[in-house]
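Chemist: One-letter residues, chain by chain:
Number of protein chains: 2
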Amino acid sequence: MILTVTPNPALDLTWRVDRLVEGGTHRADAGIARAGGKGLNVARVAHAEGEQVLAVTTTGGRVGEEFAAELGASGVPHALVPVAAETRRSIAVVDEALGDTTIINERGMNPSDVEWAAVLGEVVERLPSARVLVISGSLPPGAPDALLPMLIAVGKDAGVPVIADTSGPALLRAADAGATVLKPNAAELADATGIADPVEGARSLIDRGAELVLLSLGADGMLAVTASALVHARLDEPLAGNPTGAGDAGVAACAVLYAAGVRDPEQILRRATAWSAAAVLMPLAGDISPRWTALEQQIRVTHPDPSSFRPASS
Amino acid sequence: MILTVTPNPALDLTWRVDRLVEGGTHRADAGIARAGGKGLNVARVAHAEGEQVLAVTTTGGRVGEEFAAELGASGVPHALVPVAAETRRSIAVVDEALGDTTIINERGMNPSDVEWAAVLGEVVERLPSARVLVISGSLPPGAPDALLPMLIAVGKDAGVPVIADTSGPALLRAADAGATVLKPNAAELADATGIADPVEGARSLIDRGAELVLLSLGADGMLAVTASALVHARLDEPLAGNPTGAGDAGVAACAVLYAAGVRDPEQILRRATAWSAAAVLMPLAGDISPRWTALEQQIRVTHPDPSSFRPASS
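Each protein sequence line maps, in turn, to chains S and H. For what it's worth, the numbering used here labels the leading residue of the first sequence as -16, then goes sequentially. For what it's worth, the numbering used here labels the leading residue of the second sequence as -16, then goes sequentially.
In isolation and in its complexed conformation, chain S is listed as follows (with noise of 0.2 Å):
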C-alpha cells in the first residue's frame, strides 16, 4: 500500500467563466468542489492506476465537512484526522477564451501541536502495512520545523521509504532527515539550496542524505539524479494543457514503481515523466489520461555529461 501524507489539505474548488475580466461580474455554472492538496492527488492517480493506496489527512469545520463527503465520493481510500481549525478553501477560475486559470490559495491555518502528533499517531499506525510513504505538498504557516523530519523519521524506522515533494527550507530538512526520493522544480531546487547550477543543487540534496532527486523542468522534461546517474527524461514537443498537478502525477509514478521495488532511476524517469505528461492532457490536478502508456514510448531518454548539463528553457 502507498501513504500518503497531505499535510495543508485544501477544498478545491473551479469555476469556469467565458472571459475572466478584472473588475468584472460574471455569471457561471455551479463551481465543482474536490478534495485536493498534493497528497491527495497522488493518492487519487495511484488508486486509478489500479494501485492500494491510502491517503492521511486533516479536516477541520464546514469546508471540512464537504472536503471529505467528497473525497469519501471519489473511492480514494483515506483517514482523516479531526482537527478545530477550518480547512483551507483553494480556489480556481478557468477563463474559457484564453484557456488559463487563475488560482487562488488560501493559506491554511497551523493544527495544534496535539493535533500533529495524532496525525503522526495515524501514519505510525498504518506503516506496518506500508510499501512506500509519500509527504506532498506545503505546510500551514506555523506548522512546527521538526514534523517533517519526524514523518519522514517514522517512514524510515519502519523500513518504507519515503518520497517527499516539498519547498523552501522545508526541502533541504527533508534530505537532512534522509527523505529517500525528493521532487522539487528547478526553481524550488535553486531557491533553497542557493545554487544556481540544477545537477549541482541535486548533488547537494543527495549529499545531505537522499537517494534520488527527480527534478521537473517543466516543458523542458525531468532530471533524475542520483550519487552515480544522471539522467534526462522529455517529449519531443511539449503538451498543452493543465499543469496542475503534473507534479504530483511524476511523485505518483515514483510511488507506484518504488512499492513494487523497483529502484533503476532510468525506468523511474521514464514513468514520472509519463505520468506528468499525462496528467497535462487532463483537466483536474489527480488524474491522468490512458494515453500515458503511449507518451512513454515517446519520451527520449539521454544521459548528459554532468559538467556540461543545461536545461533547454533556462
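Keep in mind that the hints are not guaranteed to be accurate.
Stated by the list, open to error - Covered stretches of chain S, going by a simulated chain H footprint (3 or more residues, C-beta under 8 Å):
no.	stretch
1	10 to 18
2	64 to 78
3	85 to 97
Unchecked claim - Listed next, the stretches of chain S that the computed footprint assigns to chain H, with coverage defined by at least 3 CB atoms under 8 Å from CB atoms of chain H:
no.	stretch
4	-3 to 6
5	48 to 58
These aren't lab readings, by the way, just hints derived from the structure by calculation. Quantities reported herein were computed from a predicted structural model and do not represent experimental measurements. In this text, a Cβ means the ideal position worked out from N, Cα and C, and glycines have one as well.
Chain H: place on chain S using the hints.
Modeler: Quick look at chain H alone, frame taken from chain S:
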C-alpha cells in the same frame, strides 16, 4: 415588521489579494463567508438600523448549511425554507492594489414547484405581522414566471405595500401585478421597457400599476417618479468605495419609511439616497456607514422639469 423575500440567495465568499493577475497563483487569508442575496442585504441594513425584520429565503445542501450558520450568527431574524438544490455561491476577489472587485455569480438552481409553494406559504403566514413586503434580487433560471406576481399578490391581498427590486421581464410583470414600489437602475429600466428616456420609462411602470419608481442613477444619485411627482436627489461629489449593496440600502430606507407610514416621495428619496451613499463607504454589502445622517443633510434635492430631465452621466 419588514418582511423580505430573497428568491435566489447566495453564500457570498470574499477573498482579498495584493494584486490580481489573470492566470496567476495568489496566496490569501481565509475567505470571508456571508449569507447574501439582495433581500438579505435589505434585511441586514434595516435590522442594523433598529427595525424589526424577517428575512425569508431558501437553503439547500452543504452550502446552504454554511449559509444558515452564518445567518444565524448575524442575528438577523430569518425563516429558511429547505430545498433540495444546493444554495449557490457568489465569489468576490478584491484586488487590494487597484481597489476593484472581480465577481463570479453562480446562476443558482431552481427549487421545485412544491418548494416554491412552501416559500409562498411562509410569506402568507408571516404577512399578518408585516408592515411592508420586500422582494429583492434575481430569480433562479427556470423559476416560474408566475412566482413574482403571486408573491406580490399575496402581499397586496394582505393590505401590505410591496417593494420589488428585480430586472428584465420580471420588472414588467411586477408592475403589472401591482407592486407598490419598483427600484430598477437606469440600464435595467431601459432594458425592460425598451424606452431610452428614464423618466418616460419610469412613467410606463406607473401606468402599469406601480405607485412609486425609485430609479438609481449610480454616481448621478437617484430619481423618484410617481404619477404626479418627479424628484431628483444626489450628492455634489460621488463617494469612492464599494457600490455592491448600495441599491439594497436604498430599498431598505424605502421599506423602513413605508413601514412607518411615510409616503412622501421626496422624504423617501432623500433617505434612500443617503443610505445608498452610506453603503458605498462600507466594504461589505448589507452594511451602511453611521455617516448616513450627515450625508442626508448634504443631499441636493431638485424637482426637475420632466420634459427636459437628463441624468448628467448619461
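Chemist: Hint by hint, say whether it matches the structure.
Modeler: Right, here's what the structure says about each hint:
Counting residues of the stretch 10 to 18 of chain S whose CB falls under 8 Å from any CB of chain H gives 5; the rule of at least 3 is met. Counting residues of the stretch 64 to 78 of chain S whose beta carbon lies closer than 8 Å to any beta carbon of chain H gives 6, which meets the minimum of three for the stated coverage. Remark: the stretch 85 to 97 of chain S is confirmed as covered by chain H, as 7 of its residues place a Cβ nearer than 8 Å to a Cβ of that chain, reaching the required three. Restraint check on the stretch -3 to 6 of chain S versus chain H: 6 residues with Cβ-Cβ distances below 8 Å, three needed, restraint holds.
For a cut-off of 8 Å, the count of residues in the stretch 48 to 58 of chain S with a CB near a CB of chain H stands at 3, and the three-residue condition holds.
In summary, the structure agrees with every hint in the numbered list given earlier.
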